[in-house]
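Hey, can you work out the whole structure from these sequences and the hints?
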Amino acid sequence: GAVVSQHPSRVICKSGTSVKIECRSLDFQATTMFWYRQFPKKSLMLMATSNEGSKATYEQGVEKDKFLINHASLTLSTLTVTSAHPEDSSFYICSARDVEGSYNEQFFGPGTRLTVL
Amino acid sequence: QKEVEQDPGPLSVPEGAIVSLNCTYSNSAFQYFMWYRQYSRKGPELLMYTYSSGNKEDGRFTAQVDKSSKYISLFIRDSQPSDSATYLCAMLEVAGQNFVFGPGTRLSVLP
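Chains as they are written, first to last, in the working numbering: chain A, 961 to 1077; chain B, 225 to 335.
Keep in mind the hints are simulated off the structure, nothing from the lab. A few of these clues could be false.
Derived SDA-like pairs (lysine to any residue); straight-line CA-CA distance at most 20 Å [claimed, not checked]:
no., chain 1, residue 1, chain 2, residue 2
1, A, 980, A, 1005
2, A, 1002, B, 234
3, A, 1024, A, 1001
4, A, 1002, B, 269
Facing chain A, a subset of chain B residues (Cβ under 8 Å, in silico) [as the list claims (entries may be wrong)]:
no., residue
5, 253
6, 265
7, 266
8, 268
9, 269
10, 322
11, 325
12, 326
Yeah, the Cβ is synthetic: ideal placement off N, Cα and C, and Gly gets one too.
In structure tokens, the structure reads:
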């Protein structure tokens, strides 16, 4: 099946620093990628939809200036958490939509655990 | 009312039991129904998908969709400890739209 990777898998940073998370579709082209946030024992919360070559669409309540998303190629999207604070600590998961799929299937990355001290 | 609802569990069953996981939804326009399995601190992985109503079987897993009742189910036969995970249902109206996820059910299969 299609593979999506994320890097890093885990990051610990000091409050006030910026953290970049990469999401790559390894064996398919993804014109659309999604960024989710997940708190412990909670479901996925969609943060934004990223389309290659255009600006991301953010969900209500998600700060665009805090969570910068860049989708520069058909296989790479990045999420930058700017000036991170402890409340940004969470599990961030990306998914990529395989446009060749019959129902535009989404494949998920393994997630990135961010801890802000 | 939330768009997609699931019993959060945790659901604990003995090894070998038949497990029934369910989601209810309110949007009658949903046509695609997916089940994802998520192990702790990992990304979700697709288990099964169904288009419209009916049943679909894959090994020990069976997905059922009852659109008239707005109810979907995932059955796991001969459950194994390795099935212990959170199971998320997801739905969408038409291909290309964003998924709507249920909150997930935590399943524990005890050896």
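A quick look at each hint next to the structure:
1. In summary, the hint linking residue 980 of chain A to residue 1005 of chain A is supported, as the alpha carbons are separated by about 19 Å, within the 20 Å threshold.
2. A distance of roughly 12 Å separates the Cα atoms of residue 1002 of chain A and residue 234 of chain B; the hinted pair therefore holds under the 20 Å criterion.
3. For a cut-off of 20 Å, the pair hint linking residue 1024 of chain A to residue 1001 of chain A is broken: about 25 Å separates their Cα positions.
4. For the hint pairing residue 1002 of chain A with residue 269 of chain B, the CA-to-CA distance comes to about 16 Å; that is within 20 Å, so the pair holds.
5. Hint status for residue 253 of chain B: violated, given a least beta-carbon distance of 14 Å to chain A, over 8 Å.
6. Annotation: interface hint on residue 265 of chain B holds; nearest CB of chain A at approximately 7 Å, less than 8 Å.
7. A cut of 8 Å between beta carbons decides the hint on residue 266 of chain B: the least distance to chain A is about 6 Å, and the hint holds.
8. About 5 Å separates the beta-carbon of residue 268 of chain B from the nearest beta-carbon of chain A, less than 8 Å, and the hint is met.
9. Below 8 Å, beta-carbon pairs count as interface contacts, and residue 269 of chain B has one with chain A at about 7 Å; its hint therefore holds.
10. Because the smallest distance between the Cβ of residue 322 of chain B and any Cβ of chain A comes to about 6 Å, under 8 Å, the interface hint for this residue holds.
11. Hint status for residue 325 of chain B: holds, given a least beta-carbon distance of 5 Å to chain A, under 8 Å.
12. With a least beta-carbon distance of about 7 Å to chain A, the hint placing residue 326 of chain B at the interface is held under the 8 Å criterion.
Of the numbered hints stated above, those contradicted by the structure are hints 3 and 5, listed in ascending order.
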